[in-house]
Amino acid sequence: MRSAAADASGTDYLESLPRKLVTVYLPLGVFLFVLLFPFYWMAMTTVKPNAELYDYKTYSPFWVVHPTLDHVKKLLFDTSYPSWLWNTVLVSVSSTAISLVASALAAYAIERLRFRGSRYVGMGIFLAYLVPPSILFIPLATMVFRLGLFDTRLALILTYPTFLVPFCTWLLMGYFRTIPYELEECALIDGATRWQILTRIVLPLAVPGLISAGIFAFTLSWNEFIYALTFVSSSEVKTVPVGVITELVEGDVYHWGSLMAGALLGSLPVAVLYSFFVEYYVSGLTGAVKE
Amino acid sequence: MTSAARLLDRIQNSRDILGVLFLLPAAALLLVFLTYPLGLGGWLGFTDTTIGRPGVFIGTDNFVSLARDSVFWLSVWNTFLYTAIASVLKFGLGLWLALLLNRNIAFKSLLRAVILLPWIVPTVLSAIAFWWIYDSQFSVISWTLTRLGLIDHYIDFLGQPNLARGSVIAANVWRGIPFVAISLLAGLQTISPSLYEAAMLDGARSWQRFRHITYPLLTPIVAVVMTFSVIFTFTDFQLIYVITRGGPLNATHLMATLAFQRAIPGGQLAEGAAIAGAMIPFLLAAILFSYFGLQRRAWQQGGTDA
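Here the protein sequences line up with chains A and B, keeping their order. The first sequence begins at 1 in the working numbering and counts up one residue at a time. The second sequence begins at 1 in the working numbering and counts up one residue at a time.
Isolated chain B, as found in the complex:
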């Protein structure tokens, strides 16, 4: 055997060398375009970079000025409000829809397929439809309510702060329900029906069956699904950018849209990076929560590790 052949042989039989080789393309892509920019973003937050001018280190000046910036604090408040309300609604309605779909109903697979549509189509494009539905002059919701005699003038959905907040939350919930419902449905389908039969023989009411069988068995998957949902709602950008651009009076600006506005059209890259960086602590908290959620799942199934 020549030395080259022996080398080839060694490579083909070593898990460590092969592992590194197989991992190389994915690792290269992620290190260059994910890990490095993550670090770079952190660094940018401590500089005075603008578009067209590389900045110098200026310490925590960006964060100090953000701390005095009422628009920034408004966007933080909006982000938490948006995430909290939208997540609760998505969870409640999604769980309800999942429970309905888990019943013995006609056209079950067709219904399941159709319901996922809002989640499949590009968010930006469905957001435009919502923008049109919320139009101040031609809103179909206003038209219907007027016809029913419930209101006497058209609602200015996107013109008043709280109405605008409610409107974008409704659009976000609309888009998020299918994901929650279909994931929870998959979880529901793993629960053995014999558990329900046994409970019924013991005289458990439907609420008791939900509370003592469905809920505990579904908790692990709920933890994971809601972590995903919370993270992607917290960092949402598209819906707000399309429907309100942060208005009226910054009432719907989220941290992501404010970061974009300051960094790209405004040119203040460093300030935008600082705003985006301010989201990281919350994301870390959510990821830790997810990690312990997964741990609990393994423990509940009698496993020892995650």
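Chain A on its own, in the form it takes in the complex:
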């Protein structure tokens, strides 16, 4: 059976090649150029020596004549960048793990146990997904302060699940829905408990969904900014996005080389993860949008 995607353009042969070049490939090329240019620009700036960076008269800004790793070296050895990277990894991994466990249990309960009121809980999860961090950060800041968590990694690990849990639960609910009921019924008849059904049947079958939710949650935590900016103030506990923006920008003199190096290095881990799991990202993205 051919998928709908494979022959979605079944009538394309009716169009001539020159026409297709202008109507499809040209605009596509422009899109691609605009969407990727900032990354090229980041990379170019990272490897340019300062002499070329600020001299457009003798050097073309689009190319580098004497590539250098000075900016990267400065970033790794003269700033706290390595510890920001470590903090980001630590916070992202911990909050993702907490969220995945909580979400898998919740999604199974809502989707399969069908307890009284599970529909409303499902609705609630969806609504929680729509509460943006920018209206929560002020009250959360006062809570974090009163709990004595201000300026700790724990503050971030505990608050990131507020946007991760609704997202992961919603995604996993969709995945659990695709697992046939019959499998669970068979296991129930054979005397398995609900816990055994979840750990031995449902979760193994939902591995693609768990990977989707996991890498998405990791990416969302890696990219988080407003909570990290508000709840943390010392350099040792900052995450990459916050560290780059608050500590590499000194006064009015911007060190564009190391700023761009910081941006590039901070983007690489998620970009690499993404390149390995593209399909999971796409299904995570579209799964979250579909009901």
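What the hints contain is simulated information worked out from the structure, not anything from laboratory work. All C-beta atoms, glycine included, are put in the ideal place defined by N, C-alpha and C. Check before you lean on any hint, since a few could be wrong.
Examples of chain A residues lying across from chain B (beta carbon under 7 Å, computed) [unchecked claim]:
hint, residue
1, LEU136
2, THR159
3, PHE225
4, THR230
Fit chain B to the supplied structure of chain A, relying on the hints for placement.
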């Protein structure tokens, strides 16, 4: 069977008890760190709390003073302008890109993968790249335009109110297009090609095929995608904070960045909470819109409930 074993047995077979147990970790996290702060934020807006001093209830004083605050109204206007223009552009360009990607083209899966990159990398970090691209002395855009002979002096992208607004909107659109395009592409791929073939046999032009097949079948997913897009654009913080910090002359301050500026560096937690709270009515309107969008989707598929 001992009574303890019987109890265990009962727990394992009761959907309600198990449901509550399984739900417990997620519910605890969300109630403590989402629901409670949501309420607390509402309460804070009616107090005079500052950093380091718990406040007392002062009624609607914060909102009354905000109503007389021209910077606040400017930020409201900016937020609506930013959301409206950016959403329309994201939708138009995203739909166009999705339609292009849905064609029979070379390197389709590679292209699809590459196009999602702007959405994957940390917004703050790509925003720094835009900040550099918009630099008043070393902007690569100005350089190119000068070389082409189109302008004779460098553009001060972030120095003039309307140019700055346009610049941050462009950065937001850049970041948002992939999400819209890839989601709509998924929607497009569910439309059966036989519908197009049938329409072509009936002599439908390409615009007619779009208008009478693609558009109606895509409407439900458009409603959901755009609701998400609108909500996250309306409450955007990161791009503005990095690129302009609300300047020049508060011309790019959004409600979220103004709330942050007043609450955290300014110390006026209550005032910040009031500004953030003022976003809630709009968000509720958007969520209601989303709800009815979902209802319509179920109805179109012949379902009876959402």
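The hints, checked one at a time:
no., hint, result
1, LEU136, "5 Å, holds"
2, THR159, "6 Å, holds"
3, PHE225, "5 Å, holds"
4, THR230, "6 Å, holds"
This entry satisfies every hint, going by the numbered hints stated previously.
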